[in-house]
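**Q** With the hints as constraints, model all of the structure from the sequences given.
Line order of the protein sequences matches chains V and Z.
Start counting the first sequence at 1; every next residue gets the next number (the numbering used here).
Start counting the second sequence at 1; every next residue gets the next number (the numbering used here).
Quick caveat, the hints were computed from the structure, so don't treat them as lab data.
A quick note: this is a predicted structure, and the numbers were derived from the prediction, not measured.
Any given hint could be a false lead.
[Stated by the list, open to error] No farther apart than 20 Å at their CA atoms in a straight line, the calculated lysine-lysine pairs in the PhoX-like style are these:
| # | chain 1 | residue 1 | chain 2 | residue 2 |
| --- | --- | --- | --- | --- |
| 1 | Z | Lys304 | Z | Lys121 |
| 2 | Z | Lys159 | Z | Lys121 |
| 3 | Z | Lys304 | Z | Lys59 |
| 4 | V | Lys150 | Z | Lys414 |
| 5 | V | Lys150 | Z | Lys194 |
| 6 | Z | Lys414 | V | Lys163 |
| 7 | Z | Lys121 | V | Lys164 |
| 8 | Z | Lys416 | V | Lys163 |
| 9 | Z | Lys139 | V | Lys163 |
| 10 | Z | Lys250 | Z | Lys278 |
| 11 | Z | Lys139 | V | Lys164 |
| 12 | Z | Lys297 | Z | Lys59 |
| 13 | V | Lys163 | Z | Lys121 |
| 14 | Z | Lys227 | Z | Lys250 |
| 15 | V | Lys164 | Z | Lys42 |
| 16 | Z | Lys202 | Z | Lys167 |
| 17 | Z | Lys159 | Z | Lys274 |
| 18 | Z | Lys416 | V | Lys150 |
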Amino acid sequence: MINRECGNFKRTYQSDMALFPVPLQLYTIIAIVLIFYIIFPLLANEYLLTLGCLIGIACLGAIGLNILTGFTGQISIGHAAFMMVGAYTAAILNTRYGVGFVLCLPAAGIMSALVGSFFGIPSLRIKGLYLAISTLAAQFILEWTVNHWKWISGGAFSSIYTKKPDIFGWIPAAALAEAESMLRYKYYIIVILLGLGVIFALNLFRSSVGRAFIAIRDNDVSAEIIGINIFRYKLTSFAVSSFYAGIAGALYCFFYETANYEGYTIIISIDYLAMVIIGGLGSVLGAIYGAIFIQLLPILLDIFGSWIGNTFFGGAATEFLNQLKTFTFGALIIFFLVVEPEGLNRLWRNTKDYFRVWPFSY
Amino acid sequence: MRKSKMFWIGVIAGFFVMTLGLSGTAVAEEPIKIGFQSDYAKLVTIGPVLFQGFKDYIKVFESEGGKVEGHPIEFVECTHDYDVNRGLECYQRQKMAGIVSLALYGTPHTYALTPKLTDDKIPAICAGFGRADAMDGTKFPYIFPVSATYWSQATAAVKYIQDAEGKENLKGVKIAYLYFDNPAGKEPMGVLEKLAKKFQFKLRMFGVPSPGVEMGAQVTDITRRFKADWVIGHMFGRAPSVSLKELHRKGFPLDHYIAFVWNTFDTDVEAAGKDISKGCLTISYTGLGNDFPIHKKIKALYEKEGKPVPEYFNKTGYYNRGIYWAGIQVEAVRMAIKHYGPPITGETVKKGYEKISGYTLGGLFPPLELSENDHEGGGWVIVYQWDGEKFVLKKDWYKAHRDIIAEQLAEVNKAK
Numbered sequence: 001m002i003n004r005e006c007g008n009f010k011r012t013y014q015s016d017m018a019l020f021p022v023p024l025q026l027y028t029i030i031a032i033v034l035i036f037y038i039i040f041p042l043l044a045n046e047y048l049l050t051l052g053c054l055i056g057i058a059c060l061g062a063i064g065l066n067i068l069t070g071f072t073g074q075i076s077i078g079h080a081a082f083m084m085v086g087a088y089t090a091a092i093l094n095t096r097y098g099v100g101f102v103l104c105l106p107a108a109g110i111m112s113a114l115v116g117s118f119f120g121i122p123s124l125r126i127k128g129l130y131l132a133i134s135t136l137a138a139q140f141i142l143e144w145t146v147n148h149w150k151w152i153s154g155g156a157f158s159s160i161y162t163k164k165p166d167i168f169g170w171i172p173a174a175a176l177a178e179a180e181s182m183l184r185y186k187y188y189i190i191v192i193l194l195g196l197g198v199i200f201a202l203n204l205f206r207s208s209v210g211r212a213f214i215a216i217r218d219n220d221v222s223a224e225i226i227g228i229n230i231f232r233y234k235l236t237s238f239a240v241s242s243f244y245a246g247i248a249g250a251l252y253c254f255f256y257e258t259a260n261y262e263g264y265t266i267i268i269s270i271d272y273l274a275m276v277i278i279g280g281l282g283s284v285l286g287a288i289y290g291a292i293f294i295q296l297l298p299i300l301l302d303i304f305g306s307w308i309g310n311t312f313f314g315g316a317a318t319e320f321l322n323q324l325k326t327f328t329f330g331a332l333i334i335f336f337l338v339v340e341p342e343g344l345n346r347l348w349r350n351t352k353d354y355f356r357v358w359p360f361s362y
Numbered sequence: 001m002r003k004s005k006m007f008w009i010g011v012i013a014g015f016f017v018m019t020l021g022l023s024g025t026a027v028a029e030e031p032i033k034i035g036f037q038s039d040y041a042k043l044v045t046i047g048p049v050l051f052q053g054f055k056d057y058i059k060v061f062e063s064e065g066g067k068v069e070g071h072p073i074e075f076v077e078c079t080h081d082y083d084v085n086r087g088l089e090c091y092q093r094q095k096m097a098g099i100v101s102l103a104l105y106g107t108p109h110t111y112a113l114t115p116k117l118t119d120d121k122i123p124a125i126c127a128g129f130g131r132a133d134a135m136d137g138t139k140f141p142y143i144f145p146v147s148a149t150y151w152s153q154a155t156a157a158v159k160y161i162q163d164a165e166g167k168e169n170l171k172g173v174k175i176a177y178l179y180f181d182n183p184a185g186k187e188p189m190g191v192l193e194k195l196a197k198k199f200q201f202k203l204r205m206f207g208v209p210s211p212g213v214e215m216g217a218q219v220t221d222i223t224r225r226f227k228a229d230w231v232i233g234h235m236f237g238r239a240p241s242v243s244l245k246e247l248h249r250k251g252f253p254l255d256h257y258i259a260f261v262w263n264t265f266d267t268d269v270e271a272a273g274k275d276i277s278k279g280c281l282t283i284s285y286t287g288l289g290n291d292f293p294i295h296k297k298i299k300a301l302y303e304k305e306g307k308p309v310p311e312y313f314n315k316t317g318y319y320n321r322g323i324y325w326a327g328i329q330v331e332a333v334r335m336a337i338k339h340y341g342p343p344i345t346g347e348t349v350k351k352g353y354e355k356i357s358g359y360t361l362g363g364l365f366p367p368l369e370l371s372e373n374d375h376e377g378g379g380w381v382i383v384y385q386w387d388g389e390k391f392v393l394k395k396d397w398y399k400a401h402r403d404i405i406a407e408q409l410a411e412v413n414k415a416k
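**A** In structure tokens, the structure reads:
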């Protein structure tokens, strides 16, 4: 911020292509890494670590959906189903075939990518709302399959208990002894994968593949005219997006140590769509903001609501306050979308822009 | 100068000593925490009623001093809106508060939290919902169904039909199982299949997909094509009232419609229509009605406050279960203190549950006996019938076909 106001004067091609044109960006990244990889996990208690894990997994899933919906313009209401594919793949490999956690992850991702690109085939002929309906069908088909195919669901309970996540057979001894260390260990797994996911996604859109996705989103006919193979790139987009979903699903499964299909229902799919829309379509950071918003808001409302209930109503009026909470959740989503239809990411950029020239705006 | 400095040091030191002293006394009086998870937004026919009962029990408990064997007890509520992730978040919040026992709410939550509860050694009750195989205390040491599981409800429903038909062998009788198509709904299937084989009745299952507000096709199938003699219903939330309406519309005699424990109670028959629902049968794991001693105490307490009793006080199907969920946890803590003494931890409360014997909460349910192996307590149920105005007792406390349940348990355990 500080050293940008005079403009960026680039004298070499190298400086033009630099990853961080302004040093502050580099410092920000270092600060984020310090906070979320070192300070937070060391200071946080079990509760905060749980929240961190849940939000981390949601971020990974939301980035995946944003690649498909935000960058390639293909609406999907089946994201949770692709996560479910990943979760059950990981759980089945882990419990029945004794495959370790590290190998379960890519397997879950690949399986999900295959299923995702299969259900992406209709996108070649239909788009927009029609595609939304077809992915909705994918959600129901996959839910039904997992629920009714005994080999997958493992019987009437439709839930499979996995082992604890190991790294080639190794689990930190402290994690086995104490619940908090176990959560810290899981948190590290999740944030490291999330970090990789973010780096990959950011770089994807610096590459020709990512540019092709964006071209398809902006106008698929023009994209085809300039020589982009729509068939290939649309399916690639589905595959990449589902790969993220598969990894997120497998992480959910190992985080809970249970694969249960009721955690991946249509409501969750809509939640993910809400995340990317509220966060900002077509931006990696937006997906992260959206995931944090959707995951954290109901919890904050709950804590705030019960505080109000206990302070002003003496523990009564719980039912009313709970209805109010649901109402407020919806109202806040509408509020943020009305204030900035392009999402939280844009809102944050606007705020930054405002303060950059403050107090002498021109 | 020096003097004033000394003065301030003295003040600060005094303050510290005081806070230490205060916190010292606070530690000594630290109450034993019991947690419960609730939902008022999703399954609106159940949650609000049930947790009103839970809270009214707490009210009575606190008015009587709020102590068990001289130790204060505090209840920690957390609302998860029937969302699994929120359930975990709630559990962590409650664990941070230091709970030694937890009342779960929701089958998916039970599935998801079982590994954590076992790792953290905190016992949890899942009274009247999944998972049924947790009745085996050796496999699920920290999960306590503490009432008839879905398996026991299935055997009880078939036993009722056998008694109503007046014969043990049900050859020629057609039974339809109308269920919510999710793991909770599918849980009793294995037991029903085994019963069908043993008693030779014709069984067909009709799944209703979520959210279960549309079942015209299934009910038509049951009444017109399959021509069922009996229907066993197992649904939640809005679905039961829809099933009552549909079955009534298709002319099915509702006194041949027997429902599991979350299916047909006051809120459901009200939603379907009191006249329409006339005759329907329902299984319960707590007694209905509000003449039990605990209800008298609740009523007296509200009268003393000069307030009317809550609206849900008369909807005793779910209300009494809330009382039960709270009461059983207090009883477990009592047993833990009595047999193992303080300090009370999750582990001792777990053993406390297993020591519960002959507990009835003033006749609300038959004497509950839990043990290290049996976390279900026998699987007793009672059957009521809706007469258009109220539920009347149809079949007193009984349990049935335990051999089938043992067989199913062995099969499920073997598959693990």
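**Q** Give a verdict on every hint.
**A** Against the structure, the hints come out as follows:
1. Z:Lys304 - Z:Lys121: 40 Å, violated
2. Z:Lys159 - Z:Lys121: It is violated: about 37 Å lies between the C-alpha atoms, which goes past 20 Å.
3. Z:Lys304 - Z:Lys59: Given that 20 Å is the threshold and the Cα spacing comes to 12 Å, the pair holds.
4. V:Lys150 - Z:Lys414: Holds. Lys150 of chain V to Lys414 of chain Z sits at ~15 Å (cutoff 20 Å).
5. V:Lys150 - Z:Lys194: 17 Å, holds
6. Z:Lys414 - V:Lys163: With a Cα-Cα distance of about 18 Å, the restraint between Lys414 of chain Z and Lys163 of chain V holds, given a limit of 20 Å.
7. Z:Lys121 - V:Lys164: 17 Å, holds
8. Z:Lys416 - V:Lys163: 13 Å, holds
9. Z:Lys139 - V:Lys163: Distance of about 16 Å is within 20 Å: holds.
10. Z:Lys250 - Z:Lys278: 15 Å, holds
11. Z:Lys139 - V:Lys164: 18 Å, holds
12. Z:Lys297 - Z:Lys59: Distance of about 10 Å is within 20 Å: holds.
13. V:Lys163 - Z:Lys121: 17 Å, holds
14. Z:Lys227 - Z:Lys250: Measuring from Cα to Cα gives roughly 11 Å; hence the hint holds.
15. V:Lys164 - Z:Lys42: With a Cα-Cα distance of about 32 Å, the restraint between Lys164 of chain V and Lys42 of chain Z is violated, given a limit of 20 Å.
16. Z:Lys202 - Z:Lys167: Within the cut-off at roughly 15 Å; holds.
17. Z:Lys159 - Z:Lys274: Status violated; Cα separation ~27 Å.
18. Z:Lys416 - V:Lys150: 13 Å, holds
Against the hints set out earlier in the document, violations occur for numbers 1, 2, 15, 17.
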